[in-house]
Amino acid sequence: NFMLTQPHSLSESPGKTVTISCTRSGGSIASNYVQWYQQRPGSSPATMIYENNQRPSGVPDRFSGAIDSSSNSASLTISGLKTEDEADYYCQSYDGSKSVVFGGGTQLTVL
Amino acid sequence: EVQLVESGGGLVEPGGSLRLSCAASGFSFRVAWLIWVRQAPGQGLEWVALIKTNSEGARTDYAAPVAGRFHFFRDDSTNMVSLQMNSLKTEDTAVYYCSTMNWKGYVDYWGQGTLVTVSS
Chain A
1 NFMLTQPHSL SESPGKTVTI SCTRSGGSIA SNYVQWYQQR PGSSPATMIY ENNQRPSGVP
61 DRFSGAIDSS SNSASLTISG LKTEDEADYY CQSYDGSKSV VFGGGTQLTV L
Chain B
1001 EVQLVESGGG LVEPGGSLRL SCAASGFSFR VAWLIWVRQA PGQGLEWVAL IKTNSEGART
1061 DYAAPVAGRF HFFRDDSTNM VSLQMNSLKT EDTAVYYCST MNWKGYVDYW GQGTLVTVSS
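Just so you know, the protein sequences line up as chains A and B, in that order. Residue 1 is where the first sequence starts when you use our numbering, and the numbers rise one by one after that. Residue 1001 is where the second sequence starts when you use our numbering, and the numbers rise one by one after that.
This is chain B alone, in the form it adopts within the complex:
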């Protein structure tokens, strides 16, 4: 059974930092692309970041609103990915989902999400 379990969400002040983690199991992690998708309260889904496999150089791509502030890492030895979020803004408040995506764009598995609240 595929499992993606996010952790690390919480309350942080504007300008602060937070690191989200996602523990993966039940599939071949090292050949998987992982993404983060967020959903602000009452709003739609928004792609945040993508990381490809280590054999592809662990290439990362970011949505424009987070580029330069967020950094996506993977550790194939522990089957985990992390999203380091810096210079947080109130508009970053959202539930963050960790998901797998194939090269055709199919997001096939989703975690349960972790809530990040940016507020003073």
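Next comes chain A alone, as it looks inside the complex:
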């Protein structure tokens, strides 16, 4: 099994760029795809990034994903922040056999 660790919270101003990290412990970050989900209060999660860096249709190109083998981490970058981006963000990965793992979530505040 492996774990995904995210910062508990981040805060940034509208128009700025923020990067949320997701560090894997137990195995290589490149071993399995990483997804990112956005969850607003009272709503189901929605996919922002899948397969490390792919955006579903309808997700603005302000959202981008990447992985970095040197730090064994994935990242979600949101540029041109808007107040509507304020939400919880979760990284997630599947080990291909038995475990689906979510990061603990990052609460993003835009103010």
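FYI, nobody ran anything at the bench for these hints, they're computed from the structure. Some hints here could point you the wrong way.
Quick list of simulated restraints, FRET-style, between CB atoms [said to hold, decoys possible]:
1) A/77 to B/1025: 34 to 42 angstroms
2) B/1086 to A/54: 34 to 42 angstroms
3) A/31 to B/1067: 20 to 28 angstroms
All C-beta atoms in this analysis are idealised placements derived from N, C-alpha and C, irrespective of residue type, glycine included.
Assemble the complex: chain A is given as a structure, and chain B must be docked to it using the hints.
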């Protein structure tokens, strides 16, 4: 349009049982993997269980906290999945989401969730 509609949540006493159901439509159910993800009040997302296709033997996998107590079933004739939850504990209190997931781990569709409260 893909729809996943959960039902069966409610209040149950510790040690009791509950069966959640999820009705699926709008996609090819028989080739889909389904998962349950839960979210305790004020907490993050936690994977609960996975079921693969019938052609893959409907293989199931469970998170450690629920293994041996929860059982995941699928019925391709009705496009439904069920999660039988036994020996419930207060820490099982959460909103339970039914979702689809592909073999690359991409959870692409989510239901609206159903609340399970375990309390005396």
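Do the hints match the structure? See the list:
For residue 77 of chain A and residue 1025 of chain B, the Cβ-Cβ distance of about 35 angstroms falls inside the hinted range of 34 to 42 angstroms, so the restraint holds. Checking the proposed 34 to 42 angstroms range against residue 1086 of chain B and residue 54 of chain A shows it holds: the Cβ atoms sit about 39 angstroms from each other. Distance hint for residue 31 of chain A and residue 1067 of chain B: a CB-CB separation of about 23 angstroms, consistent with the stated range 20 to 28 angstroms.
Consistency with the previously given hints is maintained throughout, with no hint failing.
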